[in-house]
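Below are the chains, spelled out letter by letter.
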Amino acid sequence: MKHLTKKKIDELNDMAYQIRRMSLDMITYSQWGHIGGTFSQAEILACLYDHVLRIAPDNPQWEDRDCFVLSKAHASPALYAALALKGFIDYDDIYTYCRIGGLEGHLDMLETPGVECSGGSLGLGLSYSAGVAYGLRLKEAFHRRVYCLLGDGELCEGQIWEAAMFAGHHKLDNLTAVVDYNKLMAKGFINELMALEPLADKWKAFGWNVIEVDGHDVEELCNAFHKVKYLESTGKPACIIAHTVKGRGVEECEFNYKWHTHAPSVVKANAFLHELSCTYDKAKGNDLKSAANGGEGDLNYIIEEHEYEVR
Amino acid sequence: MKHLTKKKIDELNDMAYQIRRMSLDMITYSQWGHIGGTFSQAEILACLYDHVLRIAPDNPQWEDRDCFVLSKAHASPALYAALALKGFIDYDDIYTYCRIGGLEGHLDMLETPGVECSGGSLGLGLSYSAGVAYGLRLKEAFHRRVYCLLGDGELCEGQIWEAAMFAGHHKLDNLTAVVDYNKLMAKGFINELMALEPLADKWKAFGWNVIEVDGHDVEELCNAFHKVKYLESTGKPACIIAHTVKGRGVEECEFNYKWHTHAPSVVKANAFLHELSCTYDKAKGNDLKSAANGGEGDLNYIIEEHEYEVR
Amino acid sequence: MKFDNESMREVFGKTLVELGEKHDALIVMDADLNTSTRTVLFKKRFPDRFVQCGIAEGNMFGVAGGLSYAGFVPFPVTFAAFASRKALDVIFMNICCPKLNVKIPGCYAGVTAGEGGPSHNSAEDIAIMRSLPHMRVIDPGDNNELRSAMNEMMAYDGPVYFRVPKVIPPLLMEEMQAFRWAKGIVIREGTDVSLIGTGIMTSICVKAAEFLEAEGIHAEVIHMPSIKPIDEDLIVKTAKKTGRIVTVENGSVYGGFGSAVAEVLVEKYPVKLDAVGIKDSTFGSAPIRDLLIHHKLTPKDVAERAKNILHAKNVQ
Amino acid sequence: MKFDNESMREVFGKTLVELGEKHDALIVMDADLNTSTRTVLFKKRFPDRFVQCGIAEGNMFGVAGGLSYAGFVPFPVTFAAFASRKALDVIFMNICCPKLNVKIPGCYAGVTAGEGGPSHNSAEDIAIMRSLPHMRVIDPGDNNELRSAMNEMMAYDGPVYFRVPKVIPPLLMEEMQAFRWAKGIVIREGTDVSLIGTGIMTSICVKAAEFLEAEGIHAEVIHMPSIKPIDEDLIVKTAKKTGRIVTVENGSVYGGFGSAVAEVLVEKYPVKLDAVGIKDSTFGSAPIRDLLIHHKLTPKDVAERAKNILHAKNVQ
Ligand SMILES: Cc1ncc(C[n+]2csc(CCOP(=O)(O)OP(=O)(O)O)c2C)c(N)n1
Ligand SMILES: Cc1ncc(C[n+]2csc(CCOP(=O)(O)OP(=O)(O)O)c2C)c(N)n1
Ligand SMILES: [Mg+2]
Ligand SMILES: [Mg+2]
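From first to last, the protein sequence lines are chains A, B, C and D. With the numbering used here applied, the first sequence corresponds to residues -2 to 308, in that order. With the numbering used here applied, the second sequence corresponds to residues -2 to 308, in that order. With the numbering used here applied, the third sequence corresponds to residues 415 to 730, in that order. With the numbering used here applied, the fourth sequence corresponds to residues 415 to 730, in that order.
If you're looking for bench data, these hints aren't it; they were derived computationally from the structure. Computed from a predicted structure; not experimentally measured. Virtual Cβ for every residue (Gly too), placed ideally from N, Cα, C. There may be inaccurate statements among the hints.
DSBU-like mimics (lysine-lysine), calculated; alpha carbons at most 30 Å apart, straight line [stated by the list, open to error]: (1) Lys655/C - Lys655/D; (2) Lys597/D - Lys458/D; (3) Lys224/A - Lys255/A; (4) Lys693/D - Lys655/C; (5) Lys654/C - Lys693/D; (6) Lys168/A - Lys136/B; (7) Lys693/D - Lys693/C; (8) Lys458/C - Lys233/B; (9) Lys428/D - Lys136/A; (10) Lys136/A - Lys265/A; (11) Lys682/C - Lys654/D; (12) Lys168/A - Lys226/A; (13) Lys721/D - Lys693/C; (14) Lys710/C - Lys655/C; (15) Lys682/D - Lys693/D; (16) Lys201/B - Lys201/A; (17) Lys458/C - Lys136/B; (18) Lys265/A - Lys655/C; (19) Lys265/A - Lys3/A; (20) Lys655/C - Lys693/C; (21) Lys714/C - Lys654/C; (22) Lys721/D - Lys710/D; (23) Lys436/C - Lys168/B.
What follows is a list of derived Cβ distance ranges for each label pair [what the hints assert, rightly or not]: (24) Ala268/A - Arg459/C: 56 to 62 Å; (25) Ala138/A - Arg594/D: 35 to 41 Å; (26) Asp211/A - Ala592/C: 39 to 45 Å; (27) Asp211/A - Arg459/D: 48 to 54 Å; (28) Val600/C - Phe139/B: 51 to 57 Å; (29) Arg459/D - Val263/B: 31 to 37 Å; (30) Lys436/C - Phe252/A: 35 to 41 Å; (31) Asp87/A - Arg594/D: 41 to 47 Å; (32) Arg459/D - Ala138/B: 53 to 59 Å.
Covered stretches of chain C, as calculated for chain D (at least 3 residues, CB under 8 Å) [as the list claims (entries may be wrong)]: (33) 432 to 438; (34) 452 to 458; (35) 514 to 521.
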């Protein structure tokens, strides 16, 4: 194992905090989004964007870059935060989340620099990632790697297993899947709604190497990425099963399916931010604001208001 | 184990022969069809239709019947043969295979008595079967069972694994899948095109009991069916992996992907029939005939011929 | 126009429960969206007749086919985008071809997934679903009609696709009118131009007609909830009357509702038609209101289009 | 009409090889159908650029998206029925929305899977594919045109769906005419009625026109390989000339080719149109010839329909 310095560990945890804080800001401001799956993957994204991925923020199309695909695209705020923190997009772009011409509620690779795959419909990302990995190998770009972050609930989708079979068969060892195993899908616990266990056995039976880690421990995560990159080039793709807590960081949201998709009121959001900043020992910073009406899409407005002003 | 009598074994093998012979007749007469996957499942269908299934040929909709779903519907000639042998349909119906108003090239449950599921597109049958199994349990029809025959190449389809996960999660122990593991898909060997092994591990990892048998040995097959029905009601669905030979019964066709889908000339068909009858020690019977032009769908005919007579 | 205070998905959920009381065979299936689609109400009332499928739509529709074959009337529930795009072959093979009695709601239909963006909005569902053999297609206009349509479809033995938008809709009609197959409704009589809406867009047409009236243009407004089969007679009747048609849908006009009306017109009584909807694009990610404005689907836009078609010189 | 002696799938396979020689980035993908679709020719010539996906169409289209992103031009190849029905969400999300440069052939398109029946024939592919954003749709009429269209699509950076029927087609044109986007071709001038065919059905129209000529009816025959974008000008031009249109396709008229023509007519120049194709049913299982006869898609049937529309009194 390659050990991380204390400083690096602090940096990564700090980035995870920033990702959560900015995501909360985005979701509160737009009054739309998925807190649970966004928070659970904060450390995973921090490690990828601050330690693992070969990327060039000033040149998103750098031809030597690694490729990261967020298959569980509903957790895009975390990715947007990471992209903003690394400089792919402007910090203020986060306030355009879910606005005409702004950042997509899920992901749009044509619109956002650094986003390598459009998404929003679950189950698709691993096939696409396998395609990129296959293509890179064909181009003999052996140093470029592909990472795909999957939801655990997403693993119900059969196309994931088609892709797993494909990657296993074609021995795509430049491909790493990470499962954000936060134990919940949208409406409840996975083991109640559609049990996944024995999960590691599934991946193994489809021809993959498997590593299980604590998905909130940046050291364990980085070690796992290091391992699949340098120590286990055994001709197999690798799956990192990252055990996480859905909604991690805010007690009310943890393992609580009600916070899978739901935007907090401004009051609630500020309480969440306070909790986050205590946990991470940070100054809370500015109060969060909301800009949208949100709600049920009342046609009243569009029919009765005569002046339509696009916000 | 419940032992089969010698007589029963002979009967089952005889039925498997009849299934092959009639299928060959159908495919030759219509000049369309899939010999390989039809022959490989002959013993499986013989055991199901002559020993395992609770069915009533004079009342295809018998409310106490078991349900058999042929997911690999391109091998329908074997099923039509079994249905004709049991009396669900007339013997002569086999000469309407692939004709307007006749037996479907794949399967049409609305048109053919005894066919419980339409098919032709691979990967769908196990979901449907799981639906029937779930429904039967809900109706507390505990004695009725559902059997679904799958191709091995078909297991590439992700929906199979969605269904496997569903059946495992819901503990559908009234559902039995049989895999016709004939080692080939349409265009070659499975382990070359899209490797499936370790196959038993896959099913186990999705929550199923697994039994592996020689799929041409009627005794082993019947024992396996007996076991899943009476001895292993462990709250899990069961998968019988039946090791078979694609094209089994005619040497030229065995493990030969060229005979996956291809209709023999009349001369060739008669040679095949001869070989089958020698193997099974049967009189060859009437010569096989072909009624169709077959071929590439030459538009010439439809454009230049002025009188269209439907055959 | 009167305004309702209940969202259509809520009415959908409640109606499922009402129907569940009447029909023992009714089964509701979920692909991990029950609190969003409001099938959670059915789940609580009839836990035994609620089938959880996880996030696997293909399998859900296949299981629905099997359940139907076993004698049940399944409602496999997911968003319209996924119902129309994720499992089409299953719906075709295991539901449409064998004409099985499966009712398929398309939740958050059209533009109403709003912020969900292209992946969650459904612009193509009408085009796709009406191309399937034996499939009937409904886009109800308000809560009463949604409830009525759901009752009506239980009396029909065959596959049905119906849109369930995520909006609080206005009440389209003062008095409740029953949904009937292949029947459109004249909401407002007019002589100059016909606005034919489907689903929630009819309410947009009603308002557009008010704008037009203010300018002295008498628009006829027709509501067409039954897209397949469609009300050919009414289409021809209004075409004869006004000679100018504007269709309005929140979806793609390629093969969609406007196209369905066009098919009838060219066959029976060709007149000019302008199809309002989107063309070769997607509903992006924004609040529904902003999307309607952005894609020019507001009453003012419709009124504008009506005036254009009215003032265009008669080409024939 | 001259007759060709090569099947369209063979020409498809050979053209893939030709294009492979020119374009290093071209990749062919297979879902276990290479000898049927004739991609086996490419596989033999360029084994390294041939990607075997097994019987998993969804994954194949997703991998295609990824390969395109990595700089390749993938042709994910399967039957039209599976291309249009099995993986629509993948095609939508991973190919159409990001406008990736993926070319999707629909092999054994329309009625030409013959004995394969409803599961393998594709009646809805035109309706489905043209509803997708950014997707272009082609139904070539003969071998020359198929080859030309495949060359042309390599020059276009974006998703294309094109039909590859399993037939030996007649040669539509004496002299080879290049395929051009949004361009139809007048095969035969006429004044009484316009027969507009797409794909192999144009040859049926040509023969129908001969039958009509024998009865003194001068039919114009137009071939429309580019369904999206479509040749609006030519449609309007022929409508002005004859005032009566018959479209002919081997597919469903709900949302299909006839519908695409109807959309143009009602917008630009409304005249009567009769859409020949199938309605709310499937192509069953029988030799192609028998299916064409059964579904009334022969030259005589088309001539009959043309006479009906000609003799129907002008409704307007
Ligand atoms: C194909 C598809 N079906 C349904 C949805 C709606 N949906 C969005 S998120 C989600 C739950 C995802 O659960 P999981 O993969 O575990 O993600 P996480 O827990 O990380 O949020 C669902 C059902 C979707 N986006 N795509
Ligand atoms: C979804 C789908 N894709 C492709 C095909 C074409 N096809 C028919 S049979 C076959 C091979 C099936 O192989 P396997 O499941 O192993 O069946 P068997 O060997 O028993 O014939 C293929 C690819 C199909 N019928 N359905
Ligand atoms: Mg989860
Ligand atoms: Mg096989």
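To see whether the hints hold, each was checked on the structure:
1. For a cut-off of 30 Å, the pair hint linking Lys655/C to Lys655/D stands: about 27 Å separates their Cα positions.
2. Restraint check: the Cα-Cα separation between Lys597/D and Lys458/D comes to about 35 Å, which exceeds 30 Å; the hinted pair is violated.
3. For the hint linking Lys224/A to Lys255/A, the alpha-carbon distance of about 36 Å lies beyond 30 Å, and the restraint is violated.
4. Proposed proximity of Lys693/D and Lys655/C is supported: the alpha carbons are some 28 Å apart, at most 30 Å.
5. As the CA atoms of Lys654/C and Lys693/D are separated by approximately 26 Å, the hinted pair is consistent with the 30 Å bound.
6. For the suggested pair Lys168/A and Lys136/B, the alpha carbons sit about 46 Å apart, so the restraint of at most 30 Å is broken.
7. Using a Cα cut-off of 30 Å, the hinted pair Lys693/D and Lys693/C holds, with the two alpha carbons roughly 24 Å apart.
8. Pair hint Lys458/C plus Lys233/B holds up; C-alpha atoms about 27 Å apart against a cutoff of 30 Å.
9. For the suggested pair Lys428/D and Lys136/A, the alpha carbons sit about 25 Å apart, so the restraint of at most 30 Å is met.
10. Of the supplied pair hints, the one linking Lys136/A and Lys265/A is violated, its CA atoms being roughly 50 Å apart against a limit of 30 Å.
11. As the CA atoms of Lys682/C and Lys654/D are separated by approximately 18 Å, the hinted pair is consistent with the 30 Å bound.
12. Annotation: proposed proximity of Lys168/A to Lys226/A holds, straight-line Cα distance about 14 Å (limit 30 Å).
13. The suggested pairing of Lys721/D with Lys693/C is violated, with an alpha-carbon distance near 35 Å, which exceeds 30 Å.
14. In summary, the hint linking Lys710/C to Lys655/C is supported, as the alpha carbons are separated by about 27 Å, within the 30 Å threshold.
15. For a cut-off of 30 Å, the pair hint linking Lys682/D to Lys693/D stands: about 25 Å separates their Cα positions.
16. With a C-alpha separation of about 12 Å, the suggested pairing of Lys201/B with Lys201/A holds against the 30 Å cut-off.
17. Straight-line distance between C-alpha atoms of Lys458/C and Lys136/B comes to about 20 Å, which keeps the hinted pair within the 30 Å bound.
18. Straight-line distance between C-alpha atoms of Lys265/A and Lys655/C comes to about 57 Å, which puts the hinted pair past the 30 Å bound.
19. Simply put, Lys265/A and Lys3/A have alpha-carbon atoms about 33 Å apart, too far for the 30 Å limit, and the pair is violated.
20. Restraint check for Lys655/C and Lys693/C: satisfied, since their Cα atoms lie roughly 28 Å apart, inside the 30 Å limit.
21. For the hint linking Lys714/C to Lys654/C, the alpha-carbon distance of about 25 Å falls within 30 Å, and the restraint holds.
22. A hinted pair counts as satisfied when its Cα atoms are at most 30 Å apart, and Lys721/D with Lys710/D qualifies at roughly 15 Å.
23. Between the alpha carbons of Lys436/C and Lys168/B the distance comes to roughly 29 Å, so the proposed pair stays at or under 30 Å and holds.
24. The given range of 56 to 62 Å is broken by Ala268/A and Arg459/C, whose C-beta atoms sit roughly 35 Å from each other.
25. About 37 Å separates the C-beta atoms of Ala138/A and Arg594/D, a value consistent with the hinted range of 35 to 41 Å.
26. Between Asp211/A and Ala592/C the C-beta distance comes to about 59 Å, which lies outside the given range of 39 to 45 Å.
27. Under the hint 48 to 54 Å, the C-beta atoms of Asp211/A and Arg459/D, about 50 Å apart, fit the expected range.
28. Between Val600/C and Phe139/B the beta carbon distance is about 55 Å. The supplied range of 51 to 57 Å therefore holds.
29. Remark: the range hint 31 to 37 Å for Arg459/D to Val263/B is upheld by a beta-carbon distance near 35 Å.
30. Restraint check, Lys436/C to Phe252/A: a C-beta distance of roughly 38 Å satisfies the suggested window 35 to 41 Å.
31. The beta-carbon spacing between Asp87/A and Arg594/D, approximately 43 Å, falls within the hinted interval of 41 to 47 Å.
32. The hinted range of 53 to 59 Å is satisfied by Arg459/D and Ala138/B, whose Cβ atoms lie roughly 57 Å apart.
33. Counting residues of the region 432 to 438 of chain C whose beta carbon lies closer than 8 Å to any beta carbon of chain D gives 0, which falls below the threshold of three, so the coverage claim is violated.
34. Coverage of a stretch by a chain is defined here by at least three residues with a beta carbon nearer than 8 Å to that chain's beta carbons; for the region 452 to 458 of chain C and chain D the count is 0, and the condition is violated.
35. Here's how the region 514 to 521 of chain C fares: 0 of its residues keep a CB closer than 8 Å to some CB of chain D, so the rule of at least three is not met and the hint is violated.
Of the hints listed earlier, those the structure fails to meet are numbers 2, 3, 6, 10, 13, 18, 19, 24, 26, 33, 34 and 35, in rising order.
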